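Student: The chain contents come next:
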Amino acid sequence: MAMMPKRVKFRKEMRRARDRKATKGNFVAYGDYGLQALEGCWLTARQIEAGRIAAQHFLKRQGKVFIRVFPDKPISKKPLETRMGKGKADTDYWAARVKPGTVLYEIAGVPEDVSKRTLKRIAMKMPVRCRFIHRRVSA
Amino acid sequence: MSQTHELSAEKRESVGTRESQRLRKEGKLPAVLYGHKLGTEHIMLDAKEALTHFEAGEKVFELKLGGKSETALLKDLAYDYLGRRIIHADFERVDLDEKVTVHIPIHFRGDAKGLKAAGALMIHPASDIQVECRVRDMQDSLDVDLSHLDVNESMHASEITLPSGWTLMSDADAVIAAIQVKKEEAEGEEVEVEGGAGEPEVIAEKKDDEDESKE
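Protein chains in written order, with the working numbering: chain A, 1 to 139; chain B, 1 to 215.
Bear in mind the hints are in silico, worked out from the structure with no lab data behind them. Errors might be hidden in some of the hints.
[Said to hold, decoys possible] No farther apart than 25 Å at their CA atoms in a straight line, the calculated lysine-lysine pairs in the DSS-like style are these:
1. B:K37 to B:K48
2. A:K21 to B:K25
3. A:K64 to B:K113
4. A:K116 to B:K183
5. A:K60 to B:K182
6. A:K12 to A:K116
7. A:K116 to A:K24
[Said to hold, decoys possible] Derived Cβ-Cβ restraints for the label pairs, each shown as a range:
8. B:D140 to A:M124: 37 to 43 Å
9. A:P127 to B:V202: 24 to 30 Å
10. B:Q3 to A:H134: 21 to 27 Å
11. A:P111 to B:E159: 24 to 30 Å
12. A:G87 to B:R85: 46 to 52 Å
13. A:R61 to B:P163: 24 to 30 Å
14. B:L65 to A:K9: 52 to 58 Å
15. B:A174 to A:G87: 46 to 52 Å
16. B:H53 to A:P127: 38 to 44 Å
17. A:R20 to B:E98: 36 to 42 Å
18. A:D113 to B:L65: 39 to 45 Å
19. B:D171 to A:R20: 29 to 35 Å
20. B:R109 to A:R61: 25 to 31 Å
Note that the structure is predicted; figures quoted are calculated from it, not measured. Beta carbons: idealized from backbone N, C-alpha and C, even for Gly.
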């Protein structure tokens, strides 16, 4: 089952700007390696779930995968053959706002080569270009 | 004591985003030097030389600036938005006998005995600890032995053996490393996720209903 919030303040939301760069959630925080988005998008709950399943199949119960994004943005869609107007449509699906630089998944407990191959498989399920990253050098 | 590394620096006359971008293209790294109430100096380093030192985890430098030498501590590093490149460095003037608060990276040593169990996994939420020590006593990294750690056990910051003269500034109860056993999960099985099927509860609407009932 795809992820979605338990409770929300408002049923529908405005689209809002999508062209900013990530200033938070843009480094590996929990695992050893991560998958970073190089472009912005609305990552749907289905796409996040597809990535998780791809990782689970490949890892075969080894290691741990952290999902760093949560689909908390309701995306509405008007039904087919409906005339314009009559208010905003109902929520069709939930998405996570992804900005360039956002870390999407992290992985821990497996060697680097296995992590790289796992995250590459996840990247194939993503609608944006991604890259493999390590933990940062701290000052 | 950690070794003091020599780093040659030049003063930069013009500052700002455009100027910094131009310097980076020329293979320089913009940096700033401050502290000891001596005013701020805008400097530039040779990027290749500086990054080699930073990536090795070195923190205390002897900055050669305009014929004189100053001991400086690497205080902060700024990355670009993708975290790919280091774009700026902050240095603070220090004396070797001065006490400073710094983040020291942790290197785990030894094979934890708990990791031999099936499905065991090591989680390390922190990759560094904050300590107070004299610059002279500083180390580039701290080795932590995990060989005694068993399944479902965790190591806290307070359990780390610190060198003499060091004081722990991080939260003493912070988990540094833990050995967990992963829950059995069939392939392709759906994990329990936040939220449930259908519509989520709307908080704002609930309030409206309450107001209506009062009226």
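Student: With reference to the structure, classify each hint as holding or not holding.
Tutor: Each hint tested on the structure:
1. B:K37 to B:K48: violated (30 Å)
2. A:K21 to B:K25: holds (22 Å)
3. A:K64 to B:K113: holds (19 Å)
4. A:K116 to B:K183: Measuring from Cα to Cα gives roughly 23 Å; hence the hint holds.
5. A:K60 to B:K182: Holds, at roughly 12 Å.
6. A:K12 to A:K116: violated (38 Å)
7. A:K116 to A:K24: holds (23 Å)
8. B:D140 to A:M124: 37 to 43 Å: holds (39 Å)
9. A:P127 to B:V202: 24 to 30 Å: holds (28 Å)
10. B:Q3 to A:H134: 21 to 27 Å: holds (25 Å)
11. A:P111 to B:E159: 24 to 30 Å: holds (27 Å)
12. A:G87 to B:R85: 46 to 52 Å: The hint (46 to 52 Å, Cβ to Cβ) holds, given that G87 of chain A and R85 of chain B are roughly 47 Å apart.
13. A:R61 to B:P163: 24 to 30 Å: violated (40 Å)
14. B:L65 to A:K9: 52 to 58 Å: holds (54 Å)
15. B:A174 to A:G87: 46 to 52 Å: Check passed, 50 Å falls within 46 to 52 Å.
16. B:H53 to A:P127: 38 to 44 Å: Holds: the Cβ-Cβ distance is about 39 Å, inside 38 to 44 Å.
17. A:R20 to B:E98: 36 to 42 Å: Given a distance of about 40 Å, which is inside 36 to 42 Å, the answer is holds.
18. A:D113 to B:L65: 39 to 45 Å: holds (43 Å)
19. B:D171 to A:R20: 29 to 35 Å: holds (32 Å)
20. B:R109 to A:R61: 25 to 31 Å: At roughly 27 Å between Cβ atoms, R61 of chain A and R109 of chain B fall inside 25 to 31 Å, so the hint holds.
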